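Engineer: Single-letter residue listing:
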Amino acid sequence: MENYSLPPKPKNSLWKKIKTIVITLLVIGLYVWTFTGIDIEWSRVIERALNNFQRVIPKLLSPDWSATSEVALAMLETVFIAFAGSLMAAILAVPIAFLAANNMMGKYLSVIGKWILSAVRAFPDIILAILFVVAVGPNAFAGVLAIAIGSTGMLGKMFSEIIESIDMDIVEAMQANGANRIQILFYAVMPQIIPEFLSYAIYRFEVDIRASSILGIVGAGGIGTMIIFASNNRNWNEMGTILLAIIIVVTIIDFASARIRRKIV
Amino acid sequence: MTKEKPSLTADKTPSIYPAKTKMQVTLIFFVIIGIYLFSMYWTQREMVGGIGGALGNMYVVIEKFFPPNFAVLPAIWEPMAQTIQMAILATTVSAILTVPLALLSAQNVTTFKPLYYLTRTFLNILRTIPDLVLAVLFVGLFGIGLFPGILALIVFSLGILAKLISETIESVDMNPMEAMRASGGNTLQVIWYALVPQVAPQFASLVLYVFEINIRASVVLGLVGAGGIGLILNQQLGFYNYPNAMAIIILIFVVVIVIEFISNKIREALL
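Respectively, the protein sequence lines represent chains A and B.
Using this note's numbering, the first residue of the first sequence is number 1, and each one after it goes up by one.
Using this note's numbering, the first residue of the second sequence is number 1, and each one after it goes up by one.
Worth flagging that the hints you see were computed from the coordinates, not collected in a lab.
Treat the hints with care, as some may be off.
Cut-off 27 Å, straight-line C-alpha distance, at most; resulting in silico cross-link-like pairs (DSS-like, lysine-lysine) [what the hints assert, rightly or not]: (1) B:LYS265 <-> A:LYS17; (2) B:LYS265 <-> A:LYS16; (3) A:LYS114 <-> B:LYS265; (4) A:LYS107 <-> B:LYS265; (5) A:LYS19 <-> B:LYS265; (6) B:LYS113 <-> B:LYS163; (7) A:LYS19 <-> A:LYS9; (8) A:LYS263 <-> B:LYS22.
Note that the structure is predicted; figures quoted are calculated from it, not measured.
Okay, chain A solo, but in the shape it has when bound:
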């Protein structure tokens, strides 16, 4: 009878063991810190929930159809904000992406470009919207600017990664043939990046639809304004209509965008 035993386990070095212990302790420490810091008044939460469930949930599920036209108009404005914002971002992101890609400009410029992009990305959209609402007043254009700047960070990063992944042989071949920088840009770089750029810009439009639907909470236009009014007035029927509108529009745009992107790439 042959002996079917498992192969011996690889021995862990002492260094690895210490590392595992330290990491485990750190994680435990983090959770202890979390659970001691969070203090939820459960009694109040449960009391509120018991009172509100009967009042809120049935109303949410029976949307107020009389508000349909108003909601549709606000949703349309949301789509406009997202569209204008993403298009601006898609244009703004291109030069920054070229700056940040390390195979286009020098190494140092690329580091600067990457820093600019990650700094922009660190601001949540809503915070940008707050700043722009203070600057241009509480209207939809503040939302457009917030979306434009917010998306530039993400799109710039994606674009620069695309540029970094292009086939540089073609660029070299053109250089060897004596093409100047503009010619290289148009005939070697652009054909390689345009489909993916478009694909990411359209994907970003999907994300921006979601983002712009909440900007109204700080006064930057779109359907968010209605959300905040409906919740302040405890008008849960209208909230049901708004939710339905968001779900439908986002689903349609996700679907359409996925189809277009599949065609492009």
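Keeping the supplied structure of chain A fixed, place chain B upon it in accordance with the hints.
Structural biologist: Same frame as chain A, but now just chain B:
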């Protein structure tokens, strides 16, 4: 080469693209520009003073935000810590809840089609609702506080995480799973010994990625009363106390960057 014209427009060289494609692209281009111009008109119609006035105004306002009043930092440190704790808790809970959902919405694990489509549809609908809208709903249900905020983060990140992880599961090597099944392993054994080792690193990486998203989301939840630093920010803006607000915004900025940096380093080490 006697012609002065650049080769691009020379009539002798045939174009790379057929005329029909060119027409289509031009048409799409003009449609997009048209929608853009209309969007710009629509969003600016309520603006007082037009874009020129806005730019001038922006300078005046930005001046109001500076210099930020860093004297408030000790007072806002606690809500900031609470914000991070909310994100940690929410990410942990959704990482646990996501496991069954991700398995159910992975085509290669859930062979029972109706169940797969049901979970997929549920997750798709979940993902259409933005985080702050969820927060507004939960604040309406549970009252102002941390609990609705954490719940909103859990539900929001569940949608993203389950989708990403189910895609990871769908892309694994199926051979070990088949081998396990052929040698008589039951479903749980197959998942535990053939699937988990393959997806574990990606799982950890995606959870960290969602944690980054949650940090960003949690700093603004307070704007609708769902706890954390956003609440203080909203108050300060309400009082037109712009230097304090700027200090808070800068703190948020620094915290987000630091956490993202750490998380990126861990993810690089994982994969």
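Engineer: Between LYS265 (chain B) and LYS16 (chain A), does the CA-CA distance stay at or below 27 Å?
Structural biologist: Distance of about 18 Å is within 27 Å: holds.
Engineer: Is the straight-line distance between the alpha-carbon of LYS114 (chain A) and that of LYS265 (chain B) 27 Å or less?
Structural biologist: holds, 16 Å
Engineer: So if I understand the rule, the pair passes when the alpha-carbon distance is 27 Å or less; does LYS19 (chain A) with LYS265 (chain B) pass?
Structural biologist: holds, 16 Å
Engineer: Is the straight-line distance between the alpha-carbon of LYS263 (chain A) and that of LYS22 (chain B) 27 Å or less?
Structural biologist: holds, 16 Å
Engineer: Hey, LYS107 (chain A) versus LYS265 (chain B), does the alpha-carbon distance stay inside 27 Å?
Structural biologist: holds, 21 Å
Engineer: Taken at face value, is the distance from the CA of LYS9 (chain A) to the CA of LYS19 (chain A) at most 27 Å?
Structural biologist: At roughly 19 Å apart (the allowed maximum being 27 Å), LYS9 (chain A) and LYS19 (chain A) satisfy the hint.
Engineer: Taken at face value, is the distance from the CA of LYS163 (chain B) to the CA of LYS113 (chain B) at most 27 Å?
Structural biologist: holds, 17 Å
Engineer: Given the hint that LYS265 (chain B) pairs with LYS17 (chain A), does the C-alpha gap stay at or below 27 Å?
Structural biologist: holds, 20 Å
Violated hints for the displayed structure: none, as all numbered hints are satisfied.
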